[in-house]
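Participant: Take the sequences, apply the hints, and build the full model.
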Amino acid sequence: MPRNFSSPFVSTFRLVALLLVLAVSTGLAAQDVNPFAGDPKAGKAGEFQFRINCAFCHGLGARGGGRGPDLTRARKRHGTSDADMFHTIKEGVPGTAMPAAVGSIGVVMTNEEVWQVVAYLRNVQVRAPEQPGNSQHGKELFYGDANCSGCHMVEGKGGRLGPDLTEVGGARAVDYIVDSVRYPSHRLAQGLSEATKEFPQEYETVTAVTSDGKKITGVTLNEDSFSVQVMDAGEHIYLLEKDKLRSFKKTRVSLMPAYSATLLSDKDLQDIVAYLLSLGAK
Amino acid sequence: MIRPRCKMLCCKSLLFLVSAISARDVFAQVNFARLVNSSREPQNWLTYSGDYAGRRFSTLDQINAANVHSLAAKWVYQTGATGKFETTPLVVDGILYGTAPDDRAFALDARTGRPLWLYQRQLPSDVRPCCGRVNRGFAILGNKIFLGTLDAHVVALDTKTGNVAWDVAAVDYTQGYSFTLAPLAVKNLIILGISGGEYGIRGFIDAYDAETGQRKWRFYTVPGPGEPGHETWQGDSWKTGGAPAWITGAYDPSTNQLFWPTGNPSPSNRGEGRAGDNLYSNTLLALDADTGNLSWHFQFTRHDEHDWDATEIPILIDLREKHLIAQANRNGFFYVLDRTRGKLLSATPFGKVTWSESKDGEGRPVAIKGSSPTPEGQLVCPGAAGTTNWMSPSFDPQTGLFYVNAREQCDAFSTAPQPYEAGHAYYGSAYFPSADSEPYYGALRALDPATGQIKWEFRHPSPSWSGVLSTAGNLVFTGDAEGNFIALDAASGKALWHFQTGGSVHSAPISFAVDGKQYVAVAAGSALYTFGLP
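Chains as they are written, first to last, in this note's numbering: chain C, 1 to 282; chain V, 1 to 534.
In short, the hints are calculated from the structure, not lab data. On a predicted model such as this, the values are computed, not experimentally measured, just so you know. C-beta: ideal position from N, C-alpha, C; glycine also. You may find that some hints are simply not true.
[What the hints assert, rightly or not] Subject to a maximum C-alpha distance of 27 angstroms in a straight line, what follows is the list of computed BS3-like cross-link-like pairs (lysine-lysine):
| hint | chain 1 | residue 1 | chain 2 | residue 2 |
| --- | --- | --- | --- | --- |
| 1 | C | K90 | C | K197 |
| 2 | C | K41 | V | K494 |
| 3 | V | K455 | C | K249 |
| 4 | C | K242 | V | K494 |
| 5 | V | K322 | V | K187 |
| 6 | V | K187 | C | K197 |
[Said to hold, decoys possible] Pulled a few chain C residues facing chain V out of the computed Cβ check, cut under 7 angstroms:
| hint | residue |
| --- | --- |
| 7 | D32 |
| 8 | F199 |
| 9 | P200 |
| 10 | E223 |
| 11 | F226 |
Facilitator: What follows is the structure, encoded as structure tokens:
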């Protein structure tokens with residue numbers, strides 16, 4: 001008999017089976033609250049799981065590392081409910097460095113272990129004091145005197161030489177953002193993240209001289225052993241084959257100027273950070 | 001009534017297919033003598049590393065340094081699988097046999113890439129291998145081809161059909177055990193080692209009768225009560241001591257010795273609670289192939305707290321009357337031993353090492369105080385992934401050089417008490433990149449086994465997980481994380497050719513020939529690529 005649900009001969013058995021399936025899936029969907037909420041033992045087990053599977057990017061205490069955001073903040077970039085967090089951990093975030101819990105980093109996690117990690121994250125969640133600073137003034141500085149927008153785009157407005165900062169408030173710890181402004185070469189920003197590559201491309205600085213003597217200085221959009229894709233300060237993109245260049249030099253000194261306290265006061269920097277953090281809240 | 005008809009039809013069409021491919025017997029059986037004398041049939045690739053010595057060297061020279069610039073893609077086989085594609089295919093008389101993620105497998109016409117049969121293991125939903133649902137390949141013997149599975153079974157398939165000939169469970173997978181390596185066929189035995197060092201398993205190496213699947217011997221890599229080496233474990237820590245054996249060993253037919261390396265003690269980041277050397281973790285074992293009895297052992301990293309598995313392919317090298325075995329180890333040292341007695345001859349760093357500054361009386365690197373993990377994280381070089389890892393090296397008898405992909409990356413190692421729970425990951429904390437770390441990069445390095453010195457290197461922008469193939473055409477083939485498959489001059493390291501595959505290379509290349517034409521093949525992304533001259 002062809003398997004066709006439009007068949008008028010739907011047996012009673014099949015109907016019952018269908019109802020059962022519906023009942024079970026409703027039961028699962030209803031589990032949007034952590035079954036281990038408030039269980040200290042589960043929170044501790046979650047800490048072990050977190051260290052094994054998450055700390056590589058999110059840091060030992062979930063306070064954010066080189067790659068992953070600070071997870072102690074109440075507001076999470078990809079949803080703050082237990083169910084959202086479960087989904088983010090279990091399925092990963094496509095298009096970002098956040099993998100599904102299938103063991104590409106750490107080990108495969110069971111549903112139980114994912115809920116334990118959610119329990120742990122609730123334990124370390126800090127009721128962050130309202131970020132000090134005047135976000136409106138920060139926005140004025142960003143597009144005005146501090147000239148951040150010369151190189152950085154926010155919500156479609158600004159330059160393209162540096163990373164787009166629309167999501168940075170949700171993706172990075174405050175310390176990380178401050179450090180990136182004061183010492184941009186300390187930890188280079190990360191750009192293109194390819195699906196099968198272990199590490200994302202970093203914003204290294206390239207200086208190349210072409211065979212006809214043209215000197216190009218810019219940020220690395222991507223690089224392999226044989227080619228490099230570069231954007232210069234004028235936002236021109238160059239696709240270079242290394243063996244055709246007269247010279248090729250790469251440094252880890254960021255093209256971004258270091259904003260010392262004389263260039264940008266602590267107060268003004270705080271305002272800019274407040275502006276960046278306010279973006280994700282919308 | 002439908003199924004028997006289909007079966008007959010399949011058989012008929014397969015018979016027709018086989019006779020149509022070629023007049024010769026494409027399914028000639030591979031016996032032990034052929035494996036021992038694999039160098040006499042360089043058109044085939046009969047074992048994981050190409051020969052029992054583990055050299056991954058091909059004597060084919062049709063593709064060589066003078067013409068490799070014209071190398072071109074001949075066919076690509078898409079597996080449809082996601083995740084790291086780590087297979088080394090075997091090639092026997094024009095048929096290529098490979099495995100892919102999730103324990104799927106395929107037999108292809110090696111000239112065209114068109115499949116003869118496909119196999120997919122139905123895995124339980126709760127398998128939990130660490131580090132990807134990978135498989136690294138087959139062993140072949142007689143009319144069967146063998147793989148280890150993620151649910152810790154050993155499976156024999158009929159080479160002509162891919163049908164299961166036998167299937168045995170080695171151990172309970174729910175406790176964290178799995179197989180990911182390519183087995184090794186020796187005499188009538190199929191030998192393979194277990195994975196699961198992340199789960200507090202008790203590691204072992206097994207040998208199965210190729211005909212029946214009956215287990216002939218098991219060597220526990222963590223000695224039990226009353227066995228020598230048991231005293232190197234504190235209390236009951238041996239029960240969860242790890243020491244997996246997840247990469248294929250080498251074999252010396254002249255002495256009937258297997259050389260099999262082992263991995264980290266569990267928990268990997270915490271030495272507290274398992275005081276002692278923790279034998280036979282991170283050790284090279286010399287075992288009698290018939291019985292599994294231990295002849296000698298050499299431990300590379302004693303009481304490891306940095307996850308520095310010694311599961312890197314060891315290579316047998318005969319140099320001026322000396323019978324050597326060489327391994328570029330994850331802990332950053334390149335070791336050369338006398339393989340007749342297991343005596344260390346040299347240990348030379350082939351990358352940045354901060355954990356050791358001196359050697360003991362036998363020449364073994366000694367760990368400095370202060371390199372152990374701390375609660376907050378102690379920066380140590382190399383990092384957890386090591387100066388190299390499971391990716392195959394190659395030894396070229398023409399240049400006398402040992403080629404290995406090295407990684408320059410340091411990590412912060414932290415430690416914390418963690419209770420053992422069966423089947424759950426058991427690390428004792430974490431490792432992570434430090435903001436103070438130097439930038440990471442990778443390099444293919446050519447090492448001289450006589451001196452341990454680096455003769456040349458080819459830098460990769462980021463560390464590569466690719467293995468290495470060397471050939472009599474004065475070539476070294478390797479891949480990179482950026483997706484390039486690259487041919488280098490074996491003597492100088494100069495890049496002569498490359499091809500962008502579009503996916504990172506997590507496998508080791510092979511070479512083979514069909515109808516007098518040489519090919520080079522490599523798995524990259526989720527596809528198998530094969531190259532030849534125009």
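Participant: Would the hint on E223 of chain C be counted as holding, given a Cβ-Cβ threshold of 7 angstroms to chain V?
Facilitator: 5 angstroms, holds
Participant: Hey, K242 of chain C versus K494 of chain V, does the alpha-carbon distance stay inside 27 angstroms?
Facilitator: Judged against 27 angstroms, a Cα distance of about 14 angstroms means the pair holds.
Participant: Check the hint pairing K90 of chain C with K197 of chain C against an upper bound of 27 angstroms on the C-alpha distance.
Facilitator: 20 angstroms, holds
Participant: CA of K455 of chain V to CA of K249 of chain C, is that 27 angstroms or under?
Facilitator: 24 angstroms, holds
Participant: Against chain V, is F226 of chain C within 7 angstroms by beta-carbon distance?
Facilitator: 6 angstroms, holds
Participant: Return the status of the interface hint for D32 of chain C: holds when the least beta-carbon distance to chain V is below 7 angstroms, violated otherwise.
Facilitator: 22 angstroms, violated
Participant: Given the proposed pairing of K322 of chain V with K187 of chain V, does the C-alpha separation stay at or below 27 angstroms?
Facilitator: 26 angstroms, holds
Participant: Holds or violated: K41 of chain C and K494 of chain V, Cα atoms, limit 27 angstroms.
Facilitator: 57 angstroms, violated
Participant: Quick one, is the P200 of chain C hint okay against chain V at 7 angstroms, beta carbons?
Facilitator: Violated, because the Cβ-Cβ distance from P200 of chain C to chain V comes to roughly 10 angstroms (cut-off 7 angstroms).
Participant: Measure nothing beyond the straight line between the CA atoms of K187 of chain V and K197 of chain C; if it is 27 angstroms or shorter, mark the hint as holding.
Facilitator: 40 angstroms, violated
Participant: Go through the hint on F199 of chain C and say holds or violated, using the shortest Cβ distance to chain V against 7 angstroms.
Facilitator: With Cβ-Cβ at 5 angstroms, under 7 angstroms, it holds.
The earlier numbered hints that this structure contradicts are 2, 6, 7 and 9.
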